[in-house]
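> Spelled out from the first residue to the last, the chains are:
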Amino acid sequence: MARHPDTDLVPYLRGELPPAERERVARHLEECPDCKQDTELLRDLLGNLAHAIGQPPEVVWARYRAELREKLEARRAQVRWWRRPMPLALSASLAGALLLVAVWGGRELSKSPDSLGPDEVVIGRELGLLQEFRTVERLDLLEDLEVISNLDRLASERQG
Amino acid sequence: MEPSDEALCERVARRDEAAFDLLVSRYQARAYRLAWSILRNAEDARDTSQEAFIRLYETAASFRGKSKFSTWFYRILVNLCLDHKRKHKWWKLWVRDDDDRSDSILDRQPAPVNDPVDKLSREETLKALGSAVDRLAPRQRAAVLLRVQEDMATYDIARVLKCSEATVRVHLHRALATLKKTVEKH
Chain V
175 MARHPDTDLV
185 PYLRGELPPA
195 ERERVARHLE
205 ECPDCKQDTE
215 LLRDLLGNLA
225 HAIGQPPEVV
235 WARYRAELRE
245 KLEARRAQVR
255 WWRRPMPLAL
265 SASLAGALLL
275 VAVWGGRELS
285 KSPDSLGPDE
295 VVIGRELGLL
305 QEFRTVERLD
315 LLEDLEVISN
325 LDRLASERQG
Chain S
107 MEPSDEALCE
117 RVARRDEAAF
127 DLLVSRYQAR
137 AYRLAWSILR
147 NAEDARDTSQ
157 EAFIRLYETA
167 ASFRGKSKFS
177 TWFYRILVNL
187 CLDHKRKHKW
197 WKLWVRDDDD
207 RSDSILDRQP
217 APVNDPVDKL
227 SREETLKALG
237 SAVDRLAPRQ
247 RAAVLLRVQE
257 DMATYDIARV
267 LKCSEATVRV
277 HLHRALATLK
287 KTVEKH
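Sequence lines, in order, name chains V and S.
The opening position of the first sequence corresponds to residue 175 in our numbering, with each subsequent residue numbered one higher.
The opening position of the second sequence corresponds to residue 107 in our numbering, with each subsequent residue numbered one higher.
Keep in mind the hints are simulated off the structure, nothing from the lab.
Hints are all accurate, no fakes.
The calculated lysine-lysine pairs, modelled on BS3-like cross-linking and capped at a C-alpha distance of 27 angstroms, are:
1) LYS286/S - LYS210/V
2) LYS287/S - LYS210/V
3) LYS172/S - LYS268/S
4) LYS233/S - LYS286/S
5) LYS210/V - LYS291/S
6) LYS191/S - LYS268/S
7) LYS193/S - LYS245/V
8) LYS193/S - LYS268/S
9) LYS191/S - LYS245/V
10) LYS174/S - LYS268/S
11) LYS286/S - LYS191/S
Quick caveat, the model's predicted, so the values are computed rather than measured.
Produce the complete structure using the sequences and hints provided.
Here you go:
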């Protein structure tokens, strides 16, 4: 005898099987009393299941639809909120970034001299010089001007 | 002539509110009943079926018409129900949501039969059967409910559960074998 068509029985009962398969199952049921009995039990079971599962409590459909409408509106508003605040989100991000820079900068400025590196210490020592950078930048020119202003004196010294 | 579900869904994709309302009216009872059969709680069933309609509204444009609208919609609904069950699995162990079971199986049955003994026996069997359905694995239960309540073909159940027809046949076979044992005990 061919294998029992266990998984084919429900589709067979519903008349879903293609003709060849249906024929095969029908032939098997004629030869196999166990499967035939199973099929009858399944038929009864499927018939009783709808009653066994029962019906849900009554619903007032107008209220159901009103609730659904409210939920749909709330969802739309939520979506609009996400769409609208893109500039807000962007500005919030920028504010966050600025805050981060400010905090980071503040920490850098508040560092103690002990925590500075050697290069920073050297630059710090020359800070006065850097503050007079305009003078330093023109130092060669100032020397030249001094020479020029003293030319007469130098010439008389040579002649003397 | 009444517009088809598929035509209404296309209109919903274009944000046609009237088409959406019509689809809701057509499917509200079936959606709620199926959700309740899976979740066995009226409030959860109402919320989940309403959520399925909201998803329908939001994703109507993704319905390509390759399957029937009902199959597509039931897939959304069943997935939401199975997700809900998964999320609340542990919570339900502590808090029993048996508000819907307060009415006995008798209250849910139409037309009393004449023989009280038969009636009692049948009621007990149906009650045991209902409880056994509740204890089935979620996908087995969904397959059984789609078959029994929605009278869906194996092909359509496979589309809803996103699996092969062979898998649906196995789900149904195993589920019904379990339920058969319950009936045999009574």
